[in-house]
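The whole structure should be built from the sequences, with the hints applied where relevant.
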Amino acid sequence: MTADPATVGAAPDAKPSSDRTLSDRVFSAGSWSGLLPGVLVVGVTLVLAIRVAGVDLGDALLFTGYVLAFLTFPGTVVWRAVAKPGPSLGNDLVLGTILGLVLEAPLYVLLRLFDLTELIYGYPVAVLVGALVVVWRRRRVGPVVIGRASAWSWAGAAVAAVQILLVANQVWTQRPVDALRAPYVDEPFHLAIAGDLLHHFPAQMPWVDGTPLFYHWLVYVHLASAATVTHIELIVLMRSMSIALLVLLAVGGAYAAATRLTGRKWTGFVAALVLATGATPDFFGWTSLVSPAQLAFDSVTRAFDSPTHALVIPLQMVLMVLVVEMIRRERWRWGPWMLTVVVMVAVAGAKSSALPTIIAGLFLALVVSAVLRRMRMVRTLGVLLGSALAVFLVAQQLFYGGGTRATGIDLNGSTVQRLGILMLPEGETLPGSAPLAIWVSFTVGFVLLAVPVIVALVRGGWRRPDFLFLAGTSAAGAGAFMVLSHPALSQAYFLLGASGFLAVVMAVSLSDIVPVDLSWRDGVRIVGCAALGGLVVVAVRLMVGSEMPASGEVFTSTLLTQLAIGLLVLAVAVAVVLVYARRSTIATLPAVVALMLGVVLAGAPQTVALAVTGPSVPRAAATDIIGPGGVAAARFVREHSQTDDLIATNAHCIGLPVPDCDRRNFWIAAYAERRVLVEGWAYIDPLVVGLPSTDLNNSAYLPFWDPELLEANDAAITHPSPETIATLRDEHGVDWLVVDRRYQADLPGLRRELGQPRFKGGLYSVFDLR
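At position 317 of the sequence shown the residue is numbered 306 (our numbering), and the sequence of numbers has no breaks.
Any given hint could be a false lead.
As the list claims (entries may be wrong) - Straight-line Cα separation of at most 20 Å, EDC-like style, residue types lysine to aspartate or glutamate; simulated pairs:
{"no.": "1", "residue 1": "Lys73", "residue 2": "Glu314"}
{"no.": "2", "residue 1": "Lys73", "residue 2": "Asp294"}
{"no.": "3", "residue 1": "Lys254", "residue 2": "Glu319"}
{"no.": "4", "residue 1": "Lys749", "residue 2": "Asp735"}
{"no.": "5", "residue 1": "Lys749", "residue 2": "Glu628"}
{"no.": "6", "residue 1": "Lys749", "residue 2": "Asp719"}
{"no.": "7", "residue 1": "Lys254", "residue 2": "Asp511"}
{"no.": "8", "residue 1": "Lys749", "residue 2": "Asp613"}
{"no.": "9", "residue 1": "Lys254", "residue 2": "Asp506"}
Said to hold, decoys possible - Pair by pair, the computed Cβ-Cβ distance ranges are:
{"no.": "10", "residue 1": "Gly111", "residue 2": "Lys749", "range": "39 to 49 Å"}
{"no.": "11", "residue 1": "Val360", "residue 2": "Gly397", "range": "42 to 52 Å"}
{"no.": "12", "residue 1": "Pro617", "residue 2": "Leu46", "range": "25 to 35 Å"}
{"no.": "13", "residue 1": "Glu319", "residue 2": "Val677", "range": "39 to 49 Å"}
{"no.": "14", "residue 1": "Val543", "residue 2": "Val472", "range": "43 to 53 Å"}
{"no.": "15", "residue 1": "Gly54", "residue 2": "Leu29", "range": "17 to 27 Å"}
{"no.": "16", "residue 1": "Asp104", "residue 2": "Val124", "range": "28 to 38 Å"}
Simulated from the structure, these hints should not be mistaken for lab results. The beta carbon of each residue, even a glycine, is placed where N, CA and C say it ideally should be.
Right, here's the structure in full:
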């Protein structure tokens, strides 16, 4: 059973003084080794960042100092003061560092708003002074339990190390910090927002001057704050240090949350492992698109492709701990509630899809508590649900301008979009029954994934509001993915964002099911059952083969037949485990649940092999997104301009100009860290600029909404004259021209009107209009 909530996080009983060693008298738990696994993982990360990503040693050390002084120290002080100490100092350091990301955001925003960012260096000093004053007034300090490193803490560190090795082999080798002309297509988008927040608040979408920033922008506040403190260039932070930190905090946060909530160390390892390597069962060897979640490797690369997703996962770990402990607590405390609201705001600003699933989980727990007439619990959950709803409504205006960004209800949205990228033989089309077949596959996958949680619910978990909150939030993520639709498949983030809750609730479920007094021999047997579950998936994939359906006509029948084969083999494995359990000392239920956990973790060996022995992804070749000399031109403007200077350019497309081109061109704003009159114009909510919310207007090919502005912008470059130049300079406040020679431009005319360019390199010329 789960540990008594009143004892979770309490320090272990002290040894009798006659039995205590010298180190026991100095340190609370007799050893500093409890911190060693985490320290080694951090050390490996820094070494790989330097050797593989190309980060300078000085930058790596500066960033480490920033994390310790501006995130870990303040966050841990507040965490231990408000949420109370956890089972070990390492546990508090992980959750405290995550909380530090929350605390730095309002501080940076306020300092940036009043142009007082130089005061940020006093932040850790102020926290230290405040902590010392509190200690002096109270005349006592709570115990700091460090503890010895256990086998489970080393196992959790190994999971984190696998993630960092994946980052090194699959991300950093492909795009080290000097491969600037080979960005992921959305990287300049993220970089541009961070650059605007580095110099302005309120911020804008800087690729179209005057367009308000309605987006989940909290991760860019972290990047801007880190750049302000360390003076490390934003691209280095985003490609290496900051996102790697968030990857580690996601895995470490799952470990810390599960350990704190259950009081059992092995559950932390399970939560970390499920988050890092788990996936819905995928029986199809020819595609992963008909399973609702692909291998967990996707979560690592997604962290670098979507920094907003990278931030929200660790933030949710802190929020779930706060909420669960408030539900379990017998007496109401204002401090934890206020901290919970603050973290809710951070979660809402980190990712728009995160708080709605949490609201659903709270609502489920509230309804069941009301049915059971547990009025004290109803009051607690009512306050939490009301707080979450209020934060959601405020966040919709503060962060997102009240818009939904084309998200709507469509029961076939996810299935049809997955089918749209499914590879079939040339010329083949899918039958009308294909979406239903995908629906069936998705539903079966979710049910198999949730078997440990379902078992725990049936065994009494449905009566526990804390468990219902965790399970309900996980289920809401899956449900939202199934019933919502977005032109860019962004409804998938409801599911991906709930992965942290799913990992922790899986660990809590196993803690409820697995006996506390389990012997090592029975533990090995249960692990063997889990291994059998993984072999089931491998066996089914070998049986169905890797050949796609021969034609679209047989897609549905092939898919359902292969799914049936997978379920049949799984049923045989369950029968084997039942027979084995009856003939051995292990209980039947833990054995079957372990088997299903093995099915979920079937991709773990492949993930580990890819991280440890897999080939590194080759360095990405330069693309047409940024032409030769482009980054140098943008950096020249950054180094020779004021932060409020405005740029005009003739580069509005990704790569070479073609009719109806892709308008995701943001790199000038990104590397210049300056606003642009009109660069690209994708990713702007059409409702904000007066356009209807259509599929075209929510795509990367939307037309520009102010043709007169665009004409004036381009005319100064294609037909330079005193009049066209004056229009840009005097009417629109443009200070610089960045001319891309891949597009139409009259360079002799510009030299005639403006003189020689201040910068010329590669395909780019920079003119000063001031």
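Hint-by-hint comparison with the structure:
1. Of the supplied pair hints, the one linking Lys73 and Glu314 holds, its CA atoms being roughly 10 Å apart against a limit of 20 Å.
2. Between Lys73 and Asp294 the CA atoms are separated by roughly 35 Å; this puts the pair beyond 20 Å, and the hint is violated.
3. The hinted pair formed by Lys254 and Glu319 fails the criterion: a straight-line CA distance of about 25 Å is larger than 20 Å.
4. About 15 Å separates the Cα atoms of Lys749 and Asp735, which keeps this hinted pair within 20 Å; it holds.
5. Taking the CA atoms of Lys749 and Glu628, the gap is near 15 Å; set against the 20 Å cutoff, the hint holds.
6. Among the hinted pairs, Lys749 with Asp719 is inconsistent with the structure: their alpha-carbon atoms are about 25 Å apart, more than 20 Å.
7. Restraint check for Lys254 and Asp511: the C-alpha separation of about 17 Å stays at or below 20 Å, so the hint holds.
8. With a C-alpha separation of about 19 Å, the suggested pair Lys749 and Asp613 falls inside the 20 Å cut-off, and the hint holds.
9. Using a Cα cut-off of 20 Å, the hinted pair Lys254 and Asp506 holds, with the two alpha carbons roughly 14 Å apart.
10. At roughly 43 Å, the beta carbons of Gly111 and Lys749 sit within the given window of 39 to 49 Å.
11. For the pair Val360 and Gly397, the beta carbons lie near 32 Å from each other, so the given range of 42 to 52 Å is not met.
12. The hint said 25 to 35 Å for the Cβ distance between Pro617 and Leu46, and at roughly 29 Å that hint holds.
13. Between Glu319 and Val677 the Cβ separation comes to about 47 Å, which falls inside the hinted range of 39 to 49 Å.
14. One distance hint, 43 to 53 Å for the beta-carbon pair Val543 and Val472, is violated here, with the actual separation near 28 Å.
15. Range check, Gly54 to Leu29: about 19 Å between beta-carbon atoms, so the 17 to 27 Å window is met.
16. The hinted range of 28 to 38 Å is satisfied by Asp104 and Val124, whose Cβ atoms lie roughly 34 Å apart.
Hint compliance for this structure: hints 2, 3, 6, 11 and 14 are broken, all remaining hints hold.
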